[in-house]
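Working from the sequences, and respecting the hints, build out all of it.
In terms of numbering that gives the first Met the number 0, the sequence shown opens at residue 0 and continues consecutively.
Rather than coming from a laboratory, the hints here were simulated on the basis of the structure. One or more hints might be untrue.
Stated by the list, open to error - Using 20 angstroms as the maximum straight-line C-alpha spacing, the simulated EDC-like pairs for lysine to aspartate or glutamate come out as follows:
#, residue 1, residue 2
1, K4, D58
2, K46, E35
3, K7, D23
4, K46, D23
5, K37, D64
6, K48, E12
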Amino acid sequence: MNEKKDLKTIRFEKNVTQAMLQRDSGVNQSRISMIERKLVDPTYVEKIKIATALGMLIDEIAWPDVPPPLKVPGLFDEDLPPKKERPLRDDHRN
0 MNEKKDLKTI RFEKNVTQAM LQRDSGVNQS RISMIERKLV DPTYVEKIKI ATALGMLIDE
60 IAWPDVPPPL KVPGLFDEDL PPKKERPLRD DHRN
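Structural data, given as structure tokens:
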């Protein structure tokens with residue numbers, strides 16, 4: 000059995016640009032770029048559209064397996080301590 004190749008390698012071998020793949024698959028070029036850079040996992044529908052546009056089956060392409068993002072302590076609002084309420088100023092300017 001042949002070793003699977005990633006999307007970018009296949010595109011280069013077939014001399015297909017991301018713009019051409021967008022045109023033929025209907026998957027946005029920026030999304031194709033993110034898939035190739037392993038920033039996102041393609042959906043099943045995206046896999047079908049891309050593979051079909053390349054004349055391949057989805058099982059013939061080595062799709063990225065993107066791990067979930069790491070949770071960095073202190074990066075998200077829920078990690079921050081609750082805000083202290085400041086008392087209202089008693090401003091009696093008339």
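Here's how the hints hold up against the structure:
Among the hinted pairs, K4 with D58 is consistent with the structure: their alpha-carbon atoms are about 10 angstroms apart, no more than 20 angstroms. With a C-alpha separation of about 12 angstroms, the suggested pair K46 and E35 falls inside the 20 angstroms cut-off, and the hint holds. At most 20 angstroms may separate the alpha-carbon atoms for a hinted pair to count; K7 and D23 meet this at roughly 16 angstroms. For a cut-off of 20 angstroms, the pair hint linking K46 to D23 stands: about 13 angstroms separates their Cα positions.
For the given pair, K37 sits about 7 angstroms from D64 by alpha-carbon distance, which is consistent with the 20 angstroms threshold. Note on K48 and E12: the hinted pairing holds, with a Cα-Cα distance of about 18 angstroms set against a maximum of 20 angstroms.
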